[in-house]
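**Q** Here the protein sequences come in this chain order: F and E.
Counted from 1, the first sequence has number 26 at position 26 by the numbering used here; the numbering is strictly sequential.
Counted from 1, the second sequence has number 1098 at position 98 by the numbering used here; the numbering is strictly sequential.
Calculated from the structure, these hints are not laboratory results.
Do not rely on the hints blindly, as some may be mistaken.
[To be verified] When the alpha-carbon atoms are kept at most 30 Å apart in a straight line, the in silico BS3-like pairs for lysine-lysine are as follows:
(1) F/K57 - E/K1056
(2) E/K1067 - F/K71
(3) F/K83 - E/K1106
(4) E/K1036 - E/K1106
(5) E/K1070 - F/K9
(6) E/K1070 - E/K1056
(7) E/K1067 - E/K1106
(8) F/K9 - E/K1106
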Amino acid sequence: DGGITQSPKYLFRKEGQNVTLSCEQNLNHDAMYWYRQDPGQGLRLIYYSQIVNDFQKGDIAEGYSVSREKKESFPLTVTSAQKNPTAFYLCASSISGANYEQYFGPGTRLTVT
Amino acid sequence: GEDVEQSLFLSVREGDSSVINCTYTDSSSTYLYWYKQEPGAGLQLLTYIFSNMDMKQDQRLTVLLNKKDKHLSLRIADTQTGDSAIYFCAESIISGAGSYQLTFGKGTKLSVIP
């Protein structure tokens, strides 16, 4: 079964701690994306990667970091520098190099207290 | 800059048609998409339209594109309670790095009344 998995579904952390969200895909897609969703705000792009070992900042990259060591994996670290980390985080992937639709994972809800 | 706008709420009776509207600003958009999000879940692609088309029909879904006015709509015929969800309009634009990115609207929450 091909798809995108994100784990865990729910994540709780104390303020000041870094936390890493997992995203794995077996669709053989080159491009992967991280979005943040807040109520009434739609989706905002955090980081994206078109190819292994390369990634670009999106619109709201401050306080986040990513890595792309493998084609299948694109983990997102929410650092303590992110001022409002509580949100729903969505990972997506697509075929790179052309205008193809993005496929989304089920999301991780992060709560920081 | 890019901006995609949608109304936030729509309420319809079961069996009626739903029309969700969207406006976008980037005239260089090549594809426009409609995604559906059920509570606590990721986004599911419903349909898309290429910018040189006026209309696309797919079973109960009809997408209309007015490129001159930069207006996109999604019509759902015979709306069912299972259609209750948030619907996102998205436009595909080419970034400064030469890759395609999606810009999303804030989503329209469709409530279907039995």
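**Q** Any of the earlier hints contradicted here, and which numbers?
**A** 1, 2, 5
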